[in-house]
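Q: Protein chains in written order, with my numbering: chain S, 1 to 110; chain L, 1 to 115.
Watch out, some of these pointers could steer you wrong.
Stated by the list, open to error - With a cut-off of at most 25 Å between alpha-carbon atoms, the simulated DMTMM-like pairs for lysine to aspartate or glutamate come out as follows:
no. : chain 1 : residue 1 : chain 2 : residue 2
1   : L       : Lys24     : S       : Asp58
2   : S       : Lys68     : S       : Asp78
3   : S       : Lys70     : L       : Glu103
4   : S       : Lys36     : L       : Asp63
5   : S       : Lys70     : L       : Glu44
Hints in this document: simulated from the structure, not taken from any laboratory.
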Amino acid sequence: GEDVEQSLFLSVREGDSSVINCTYTDSSSTYLYWYKQEPGAGLQLLTYIFSNMDMKQDQRLTVLLNKKDKHLSLRIADTQTGDSAIYFCAESYNTDKLIFGTGTRLQVFP
Amino acid sequence: DAGVIQSPRHEVTEMGQEVTLRCKPISGHNSLFWYRQTMMRGLELLIYFNNNVPIDDSGMPEDRFSAKMPNASFSTLKIQPSEPRDSAVYFCASDQSSGAYNEQFFGPGTRLTVL
């Protein structure tokens with residue numbers, strides 16, 4: 001069955017890099033995503049990666065995909081207090097439906 | 001575009017009452033999703049529609065929950081009768097269903113409290 005797992009919490013110092021990890025079970029996923037949820041708001045797409053790619057970089061964000069291990073990570077360089085939020089990874093397979101992970105709460109302290 | 005619009009933003013009701021949550025998707029989007037978020041269970045997909053037709057309602061908890069999409073610009077999620085365990089934030093999201101990657105646009109949510 002489909003299952004996406006993440007660690008629940010991550011705490012980093014401002015200016016350091018954050019790495020949020022995710023494992024998934026559906027090897028036929030076509031796209032994998034990172035969504036961000038700020039307090040009191042809905043989720044917002046941060047970035048996504050097609051399943052035939054290993055890496056995608058977008059400014060401070062780097063997504064790494066290891067298909068063999070079904071592992072996805074999001075690295076945020078120079079983490080700022082404004083990055084404090086819940087980060088969800090998600091997968092899809094040729095449908096509109098997204099399977100979301102449990103979410104990782106990132107706390108950035110000065 | 002104003003984004004996905006949900007109403008009300010907050011709802012406090014008593015156990016046994018009927019609750020109706022409303023959603024207006026982004027114009028031109030043909031898929032609409034209802035999610036529920038709680039601390040205990042995280043983010044759960046309740047139901048989703050494509051071109052106003054329910055495609056997957058396997059996440060709807062029980063018969064007390066029902067959802068409709070009478071037209072492309074409006075959907076409702078109804079709980080009757082409501083129970084305290086229904087307390088959660090309910091999100092509506094929409095996307096363009098292009099066949100490529102799926103960017104779902106989420107509304108601000110409705111925070112439901114059932115006393």
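Q: May I ask which of the numbered hints given earlier this structure violates, with the numbers listed in increasing order?
A: Violated hints: 1, 2, 4; rest satisfied.
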